[in-house]
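**Student:** Could you put together the complete structure from these sequences and hints?
Protein chains: 2
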Amino acid sequence: MPPPQDRNISASFAKGLAVLEAFDGDAARMTLAELARRTGQDRATARRGAMTLLAAGYLRQEGRDFVLTHKVLGLAGGFLQANQFGRLVQPVLNHHAGQMQTEITLAVRDNNRVMLLAQSTLVHGPVSYGFTAGSSLPLLHTSLGRMLLAAVEPDEAEQILRHSPCVRHTAQSLSHLPDILAEVDRARDTGLSITNGEFEPGITGFATLVGGPGAKALVVGSSAPEAGLSKTRSAQICASLQQCAADLRQAGVLSAI
Amino acid sequence: MPPPQDRNISASFAKGLAVLEAFDGDAARMTLAELARRTGQDRATARRGAMTLLAAGYLRQEGRDFVLTHKVLGLAGGFLQANQFGRLVQPVLNHHAGQMQTEITLAVRDNNRVMLLAQSTLVHGPVSYGFTAGSSLPLLHTSLGRMLLAAVEPDEAEQILRHSPCVRHTAQSLSHLPDILAEVDRARDTGLSITNGEFEPGITGFATLVGGPGAKALVVGSSAPEAGLSKTRSAQICASLQQCAADLRQAGVLSAI
DNA sequence: GACAAATGTGCGTATTGCGCACACAATATC
DNA sequence: GATATTGTGTGCGCAATACGCACATTTGTC
Chain A
275 MPPPQDRNIS
285 ASFAKGLAVL
295 EAFDGDAARM
305 TLAELARRTG
315 QDRATARRGA
325 MTLLAAGYLR
335 QEGRDFVLTH
345 KVLGLAGGFL
355 QANQFGRLVQ
365 PVLNHHAGQM
375 QTEITLAVRD
385 NNRVMLLAQS
395 TLVHGPVSYG
405 FTAGSSLPLL
415 HTSLGRMLLA
425 AVEPDEAEQI
435 LRHSPCVRHT
445 AQSLSHLPDI
455 LAEVDRARDT
465 GLSITNGEFE
475 PGITGFATLV
485 GGPGAKALVV
495 GSSAPEAGLS
505 KTRSAQICAS
515 LQQCAADLRQ
525 AGVLSAI
Chain B
275 MPPPQDRNIS
285 ASFAKGLAVL
295 EAFDGDAARM
305 TLAELARRTG
315 QDRATARRGA
325 MTLLAAGYLR
335 QEGRDFVLTH
345 KVLGLAGGFL
355 QANQFGRLVQ
365 PVLNHHAGQM
375 QTEITLAVRD
385 NNRVMLLAQS
395 TLVHGPVSYG
405 FTAGSSLPLL
415 HTSLGRMLLA
425 AVEPDEAEQI
435 LRHSPCVRHT
445 AQSLSHLPDI
455 LAEVDRARDT
465 GLSITNGEFE
475 PGITGFATLV
485 GGPGAKALVV
495 GSSAPEAGLS
505 KTRSAQICAS
515 LQQCAADLRQ
525 AGVLSAI
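Protein chains in written order, with our numbering: chain A, 275 to 531; chain B, 275 to 531.
These are calculated hints, taken from the structure and not from any lab test. Keep in mind the model is a prediction, meaning the values are calculated, not measured. Honestly, I wouldn't trust all of these hints.
For identical chains, the list gives no copy identity; a pair is met inside one copy or between any two copies.
In silico DSBU-like cross-links for lysine-lysine, where the CA-CA straight-line distance does not exceed 35 Å [stated by the list, open to error]: (1) Lys345 / Lys490; (2) Lys490 / Lys505; (3) Lys289 / Lys345; (4) Lys490 / Lys289.
**Tutor:** Set out below in structure tokens:
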């Protein structure tokens, strides 16, 4: 017999949120049947959730497919505006990105994924990898992810790792948990995480900690093509990231989480 | 007697969404009592909505205040990723922002407000005005807003205007509806909207249409300080915006709405 | 045309959520 | 410190809401 429901929680609202969350970067458009499967809900329940979101403007319909609309950006805008990301965070990222001539990204851990919170806009840089604020990246094979794991206690980091999907993105992707843990430990010790082509082929990723307690840690990261990456250049990027982290702390970004 | 409810809509879910939407840039943090007032709901109803959002991770609690979390960015990320904003839109905005040496913004109309969808901000530019993707701007006194109104039929534009708040942001803000309508008509005729210090003092705004049917039109805009803005420079910005719009159409941005 | 997959909807059921009221807590003001 | 105001937590009766199932229909694919 299921426990009596928590009277503080609206189960219908929670089911509806699950329908909204089913739409992500991997599942951009879904039929009702797919939506029911993905949420584990009865088709009629999922349908009511989808029709409510349709009426509210968060979904639109293309034939049989439901498609997420830009209205979700308005929700995100509330958070970004409230925390003055445009005035405090973006200029710092842009400034350092300009100096380093690379993109810079601010990220946080979201369960066992990396969530990008903000990203510099760079005029003359290498080709964009297509990520934006709100993008979700893997935890295990990115420098951002490793740095976020380095921000939590070792045994908790191991727990998180054990419950995270370990997908080999490239031939270089580490696949043994002890190897990944060793890299996380190294990031914890040095304050820097560097990955070589483990998520995107031929791309070196860098990340350092901005601050914040374990589960709510913020990190900044950058990336550069491996080819033509000298030790001097690498050290320069690391130093700039650490300066960027200091400037972000100064700007008060840690109070946003 | 109220009409029987639409069986396709979950009223509890809709109420919950209204609680989530109550958190915006102007109301970053709210007590339960404030939330009930803002949503017009009974305090117990608003409380259940807030507690459900708390459990789902969209709100956190600071004393008596509920605060929006970054989790809403994940929802936005689904839309941005699905429409490849990072790969198709951002590079175009960045390219033209670099060439023009101004910020560029992509926007859509959201009821009687302007919603920013994407933006390229400049490394060495005038002080950032603090807006980001998801930010909401007024419709009546921005070049983006005027251009969005120009995209709909004149009588519909007038209806929207009549139902929009007419706040005087600066001494230069037009306040007579016929004057604003005339500016909208001019934007419709010329394909460009230019405003002088009506929303931010001393700032000239430019906007042009990217495309899309009336209610779903997309526009791009830019801004520059009025001081030191020559006719040549003005014309240059307008031409670049129009080229940017053409490149965005080419990149397929219109299918995102 | 056959088959699979998806959809719309009616309906019985009971659970869920609503809203009110009461008591208590926290904060603000004097 | 007292008082007033505002905010909060929660129990509870009630009825309406939402669930989930089943059936018929539609759409898509081969």
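**Student:** Each hint needs a verdict: does it hold in this structure or not?
**Tutor:** So, going through the hints one by one against the coordinates:
{"no.": "1", "hint": "Lys345 / Lys490", "result": "both (26 Å within a copy, 12 Å between copies)"}
{"no.": "2", "hint": "Lys490 / Lys505", "result": "within (32 Å within a copy, 50 Å between copies)"}
{"no.": "3", "hint": "Lys289 / Lys345", "result": "both (19 Å within a copy, 17 Å between copies)"}
{"no.": "4", "hint": "Lys490 / Lys289", "result": "both (26 Å within a copy, 29 Å between copies)"}
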